[in-house]
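*Asks:* Based on these hints, arrange chain B on the given structure of chain A.
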Amino acid sequence: MKILVAVKRVVDYAVKIRVKPDKTGVDTQNVKMSMNPFCEIALEESLRIKEAGLAKEVVAVSIGPSQCVDTLRTGLAMGADRGIHVQSDSSFLPLTIAKILKSVADVENPGLVFLGKQAIDDDCNQTGQMVAALLGWPQATFASKVVLDKDKKFATVDREVDGGLETLCVDLPAVITTDLRLNQPRYATLPNIMKAKSKPIKKMTLEDLKVEVKSDIEIVEVTEPPKRKSGVIVSSVDELIDKLKNEAHVI
Amino acid sequence: ITTLILAEHESGSIKPQTVSTVVAANHLGESSSVSLLLAGSGSSLQEAASQAASCHPSVSEVLVADSDIFEYPLAEPWAKLIDFVRQQRHYSHILASSSSFGKNILPRVAALLDVSPVTDVVKILGSNEFIRPIYAGNALCRVRYTGAGPCVLTIRTTSFPVTPITESKRATISQIDLSNFKEDSVSRSRYMGQSTQDTERPDLGSARVVITGGRAVKSVENFKMIEKLAEKLGGAVGATRAAVDAGYVPNDLQVGQTGKIVAPELYMAFGVSGAIQHLAGIKDSKVIVAVNKDADAPIFQVADYGLVGDLFEVIPELLEKLQEKK
Numbered sequence: 001m002k003i004l005v006a007v008k009r010v011v012d013y014a015v016k017i018r019v020k021p022d023k024t025g026v027d028t029q030n031v032k033m034s035m036n037p038f039c040e041i042a043l044e045e046s047l048r049i050k051e052a053g054l055a056k057e058v059v060a061v062s063i064g065p066s067q068c069v070d071t072l073r074t075g076l077a078m079g080a081d082r083g084i085h086v087q088s089d090s091s092f093l094p095l096t097i098a099k100i101l102k103s104v105a106d107v108e109n110p111g112l113v114f115l116g117k118q119a120i121d122d123d124c125n126q127t128g129q130m131v132a133a134l135l136g137w138p139q140a141t142f143a144s145k146v147v148l149d150k151d152k153k154f155a156t157v158d159r160e161v162d163g164g165l166e167t168l169c170v171d172l173p174a175v176i177t178t179d180l181r182l183n184q185p186r187y188a189t190l191p192n193i194m195k196a197k198s199k200p201i202k203k204m205t206l207e208d209l210k211v212e213v214k215s216d217i218e219i220v221e222v223t224e225p226p227k228r229k230s231g232v233i234v235s236s237v238d239e240l241i242d243k244l245k246n247e248a249h250v251i
Numbered sequence: 252i253t254t255l256i257l258a259e260h261e262s263g264s265i266k267p268q269t270v271s272t273v274v275a276a277n278h279l280g281e282s283s284s285v286s287l288l289l290a291g292s293g294s295s296l297q298e299a300a301s302q303a304a305s306c307h308p309s310v311s312e313v314l315v316a317d318s319d320i321f322e323y324p325l326a327e328p329w330a331k332l333i334d335f336v337r338q339q340r341h342y343s344h345i346l347a348s349s350s351s352f353g354k355n356i357l358p359r360v361a362a363l364l365d366v367s368p369v370t371d372v373v374k375i376l377g378s379n380e381f382i383r384p385i386y387a388g389n390a391l392c393r394v395r396y397t398g399a400g401p402c403v404l405t406i407r408t409t410s411f412p413v414t415p416i417t418e419s420k421r422a423t424i425s426q427i428d429l430s431n432f433k434e435d436s437v438s439r440s441r442y443m444g445q446s447t448q449d450t451e452r453p454d455l456g457s458a459r460v461v462i463t464g465g466r467a468v469k470s471v472e473n474f475k476m477i478e479k480l481a482e483k484l485g486g487a488v489g490a491t492r493a494a495v496d497a498g499y500v501p502n503d504l505q506v507g508q509t510g511k512i513v514a515p516e517l518y519m520a521f522g523v524s525g526a527i528q529h530l531a532g533i534k535d536s537k538v539i540v541a542v543n544k545d546a547d548a549p550i551f552q553v554a555d556y557g558l559v560g561d562l563f564e565v566i567p568e569l570l571e572k573l574q575e576k577k
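One line per chain: the protein sequences are A and B, in this order. For the first sequence, our numbering begins at 1 and goes up steadily by one. For the second sequence, our numbering begins at 252 and goes up steadily by one.
Just chain A, with the same shape it has in the complex (with noise of 0.2 Å):
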């Protein structure tokens, strides 16, 4: 069995952001990049189901411009065993992407499509779905276990709902998106790095792919949100009980 994992390149976790002075956007310029950090969550699971002896290859995809084949090199040097980078300059919808997700994933014909349940930088939280319904497979989303049987016929998937937990069970093929606690991604060593510069990564074009682009949604401007008002520190528990009674009213 083969696994698909999309993997996206955004703007490092760490970084303070900060909106354009032209309200286009945010300014990614001169700005640490690296994998989503769910991205890097899938990936880690698609290593451990190889690792496991329950999977061939781990197949890491990433749409967007030249500098994605950086994101692909951190995933082949975790491990995985091939890249493919959908190269394109434009910034699509997560309906674009997933339409491409949809055909590469016709090309490769994997049991699984791994997926981060979203990216920090847009935090839409649909792909993984989206590919789902377009591949006509079930979903399993917000994946906190992911347990495979060991005829690779289903998958047993915990997922955080607002709830608690709950479990399903899908058949394969099957789109699964990760959540924070599904595991701690693995770091890659030097030799790695090293052995990751020669692994493959097949080059492709929305041409490649026959996937006609669609925008439905305009961005008309991107702003700071409101700040909070700074507020006071008290120095003892009295003086507090009095504020929140007496002047905020809410105790």
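Any given hint could turn out to be false.
What the hints assert, rightly or not - In silico DSS-like links for lysine-lysine, alpha-carbon gap of 25 Å or less:
#, chain 1, residue 1, chain 2, residue 2
1, B, K537, A, K243
2, A, K243, B, K420
3, A, K195, A, K2
It should be emphasised that the hints constitute simulated quantities derived from the structure, not laboratory data.
*Replies:* Here is chain B on its own, set in the frame of chain A:
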């Protein structure tokens, strides 16, 4: 404007998030009609439908899909159901709350309809213009939907509070004829069960008071102190990602960008440093109180009232001095 809302219900009653979503639908424009879609099976579904009919005066119709297929909230049949309903009656908008339920199902629906959905709408500026947070709430993005198909939205319900309803009105309840409903992939996904913590405390997402503990609380036993304070104030218990990762409390108590978004009247954080992703989940709280030993903790920058001190001394003192909440 005609809106279809995918309703959430539990043991015979509609969830408050769904009522907030109805409130949001009213912002889409004048003379809008709102239909609530409830799916499930058996008597608790019919009970919930009856309650839904009078949950808000702007609900014009309650549609009920009663079948064993919908006994559990599996995305595959539910997404197909929305598409099925939409083919018979036309809707300009399809909404659900941004809960784990709505976020699981609506993007799947949108892909079936070949439209781009908008996640986490916090403000509605018109029938096709919305504001949503990006980068963990560190930026707000104003988007315009220009597609021809229905506009699919998930609503961040803390941004659309429900005001007390005085007018009473009963919407009509219609049962959906499912004889032509085909769900081929139904058997490919099976619900195995859910583990929930039974608690007397109010729901974290809609509580008036939220008391949160961070990593500095240090243990499962110490968290009991947080719980005690929450009980005293009639509030819910929350936790930071670090506290959940350390196993002090279950995952569904996590507050933050990837956990629950809360907007209570009073939010009290104990031993919480104030990571960006945590602040993203509490920003809309009316009053934020922070207690932390570290005077430089970022949480103090957003707190209305800060107290630099040891939570293990402050909480017992608070418990002692606060009068029992009636």
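*Asks:* Going straight from one Cα to the other, do A/K243 and B/K420 come out at no more than 25 Å?
*Replies:* violated (41 Å)
*Asks:* Starting from A/K195, check that the Cα of A/K2 is at most 25 Å away, please.
*Replies:* Satisfied, since the Cα-Cα distance of roughly 21 Å is no more than 25 Å.
*Asks:* Are the Cα positions of B/K537 and A/K243 separated by 25 Å at most?
*Replies:* holds (14 Å)
Checked against the numbered hints given earlier, the structure breaks only hint 2 and satisfies all the rest.
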